[in-house]
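> Keeping their order, the protein sequence lines are chains A and B. The first sequence begins at 60 in our numbering and counts up by one. The second sequence begins at 60 in our numbering and counts up by one.
Hints may contain errors.
Identical chains blur together in the list; that is why a pair holds if it fits in one copy or across any two.
[Stated by the list, open to error] Pairs of lysine-lysine residues, derived as DSSO-like cross-links and limited to a Cα-Cα distance of at most 27 angstroms, are as follows:
1) LYS106 - LYS226
2) LYS106 - LYS258
3) LYS204 - LYS74
4) LYS103 - LYS176
5) LYS226 - LYS109
6) LYS103 - LYS185
7) LYS103 - LYS204
8) LYS90 - LYS106
9) LYS226 - LYS92
10) LYS85 - LYS185
11) LYS80 - LYS226
12) LYS204 - LYS176
13) LYS103 - LYS92
14) LYS90 - LYS80
15) LYS109 - LYS204
16) LYS85 - LYS258
17) LYS226 - LYS90
18) LYS204 - LYS226
19) LYS74 - LYS258
20) LYS103 - LYS254
Just so you know, the hints here were simulated from the structure itself, not pulled from any lab data.
Protein chains: 2
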Amino acid sequence: MLLCDIGNSFYHFYKNGAFWKEEAYKLPNLKTKEPVYTISVNDKALKRLKEYYEVIEIAEFCSLNTGYVGLGVDRAFACMAIDDGVIVDAGTAITIDVMQGGSHLGGFVIPGFAALKGAFDSISDKLDVGVNFGVSLDMLPQNTKDAVSFGLLYPVISSIESASRGKFIHFTGGDGQFLSRFFDNSIVDELLVFKGMQKALKREGIW
Amino acid sequence: MLLCDIGNSFYHFYKNGAFWKEEAYKLPNLKTKEPVYTISVNDKALKRLKEYYEVIEIAEFCSLNTGYVGLGVDRAFACMAIDDGVIVDAGTAITIDVMQGGSHLGGFVIPGFAALKGAFDSISDKLDVGVNFGVSLDMLPQNTKDAVSFGLLYPVISSIESASRGKFIHFTGGDGQFLSRFFDNSIVDELLVFKGMQKALKREGIW
Numbered sequence: 060m061l062l063c064d065i066g067n068s069f070y071h072f073y074k075n076g077a078f079w080k081e082e083a084y085k086l087p088n089l090k091t092k093e094p095v096y097t098i099s100v101n102d103k104a105l106k107r108l109k110e111y112y113e114v115i116e117i118a119e120f121c122s123l124n125t126g127y128v129g130l131g132v133d134r135a136f137a138c139m140a141i142d143d144g145v146i147v148d149a150g151t152a153i154t155i156d157v158m159q160g161g162s163h164l165g166g167f168v169i170p171g172f173a174a175l176k177g178a179f180d181s182i183s184d185k186l187d188v189g190v191n192f193g194v195s196l197d198m199l200p201q202n203t204k205d206a207v208s209f210g211l212l213y214p215v216i217s218s219i220e221s222a223s224r225g226k227f228i229h230f231t232g233g234d235g236q237f238l239s240r241f242f243d244n245s246i247v248d249e250l251l252v253f254k255g256m257q258k259a260l261k262r263e264g265i266w
Numbered sequence: 060m061l062l063c064d065i066g067n068s069f070y071h072f073y074k075n076g077a078f079w080k081e082e083a084y085k086l087p088n089l090k091t092k093e094p095v096y097t098i099s100v101n102d103k104a105l106k107r108l109k110e111y112y113e114v115i116e117i118a119e120f121c122s123l124n125t126g127y128v129g130l131g132v133d134r135a136f137a138c139m140a141i142d143d144g145v146i147v148d149a150g151t152a153i154t155i156d157v158m159q160g161g162s163h164l165g166g167f168v169i170p171g172f173a174a175l176k177g178a179f180d181s182i183s184d185k186l187d188v189g190v191n192f193g194v195s196l197d198m199l200p201q202n203t204k205d206a207v208s209f210g211l212l213y214p215v216i217s218s219i220e221s222a223s224r225g226k227f228i229h230f231t232g233g234d235g236q237f238l239s240r241f242f243d244n245s246i247v248d249e250l251l252v253f254k255g256m257q258k259a260l261k262r263e264g265i266w
């Protein structure tokens, strides 16, 4: 079965243990005519996929126990894969959701690193310096490039740390691997959304 | 004596205990011909002021003990006003600097709230929701507007908290009052930069 998770910037695909992504602004070349079991937060990219492939939307199969109104389908399916812990999906936006005893307790969104970099650039040419992603977070910066790099990373990391309250963290998304390096009690799982989709499809007897 | 601190968005003035600000994109009407003792991080606005007023730049009078290379003059003068504690200047950008025993230990920069809001808007129309600045930071959000509002405030607040390590915090700048509400061990001092400028001018025998 072919699964697809359409985000703001990418189509993410999964089939037989393999996963790959393609840019969301153009039609993916799938070399297959099989049905694409799909969730999407990107209406334009979804419409494009539908024009050329048999798309089966499965958002309605999500059975997450939550009081959150308007939770994005990608977040909801990622949460469905985890019973206890924090789920951080670090892509164009970074979403942080907390699961406990199979229930979703809530979550929040922060801009991803590219958008945060854009926020610095929009303020002043003086802050439009490169980013040093290796900057130490244990020492206070001593120059502008490090001060901006620290200011890009530290708020993201300290808010994840603070919101997690010691819970185990599951990172996914393009910057998940990078972020997980700052947390001992964490793993990276690129397939989290797809695992939630699988779980839902199994419950429906489709998988 | 008339003091002026030119930031990214505003001219800030101080005279005889009064202070006021004027937008940086147009010439301020000062109704005086006296010299304007000035520091600036905004070359364009400085040039405009110089064309119509007698501007005396005093950046060179700053005698902050620091190893930081390229510290903005406004940050440097604000730090000069404090011997021990954290200085948070929350304007277009939010700068966080740490002083200990009269020495500057370093600091970092994060985008101000308007720039952070722009970062959300740039990601997706779905995140271009209003901001609820009264959102609770003690509970995980349960809808998109709260999730974005929380994601705007929480990283800023948790990084200030984490970097401060219990030190007393001096807030200044347009959003200083708002931010101070989240910190028990803090005060708001709108005049911090001007106090540093005064200190420097006194040392030079000019004040």
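> With reference to the structure, classify each hint as holding or not holding.
These are the hints, each one checked on the structure:
no.	hint	result
1	LYS106 - LYS226	neither (38 angstroms within a copy, 53 angstroms between copies)
2	LYS106 - LYS258	within (25 angstroms within a copy, 63 angstroms between copies)
3	LYS204 - LYS74	neither (42 angstroms within a copy, 35 angstroms between copies)
4	LYS103 - LYS176	both (25 angstroms within a copy, 23 angstroms between copies)
5	LYS226 - LYS109	neither (39 angstroms within a copy, 56 angstroms between copies)
6	LYS103 - LYS185	between (36 angstroms within a copy, 13 angstroms between copies)
7	LYS103 - LYS204	between (37 angstroms within a copy, 23 angstroms between copies)
8	LYS90 - LYS106	within (18 angstroms within a copy, 61 angstroms between copies)
9	LYS226 - LYS92	neither (42 angstroms within a copy, 62 angstroms between copies)
10	LYS85 - LYS185	between (35 angstroms within a copy, 21 angstroms between copies)
11	LYS80 - LYS226	neither (29 angstroms within a copy, 46 angstroms between copies)
12	LYS204 - LYS176	both (12 angstroms within a copy, 23 angstroms between copies)
13	LYS103 - LYS92	within (21 angstroms within a copy, 59 angstroms between copies)
14	LYS90 - LYS80	within (14 angstroms within a copy, 62 angstroms between copies)
15	LYS109 - LYS204	neither (44 angstroms within a copy, 30 angstroms between copies)
16	LYS85 - LYS258	neither (29 angstroms within a copy, 60 angstroms between copies)
17	LYS226 - LYS90	neither (42 angstroms within a copy, 60 angstroms between copies)
18	LYS204 - LYS226	between (32 angstroms within a copy, 25 angstroms between copies)
19	LYS74 - LYS258	within (15 angstroms within a copy, 68 angstroms between copies)
20	LYS103 - LYS254	within (25 angstroms within a copy, 54 angstroms between copies)
Checked against the numbered hints above, the structure breaks hints 1, 3, 5, 9, 11, 15, 16, 17 and satisfies the rest.
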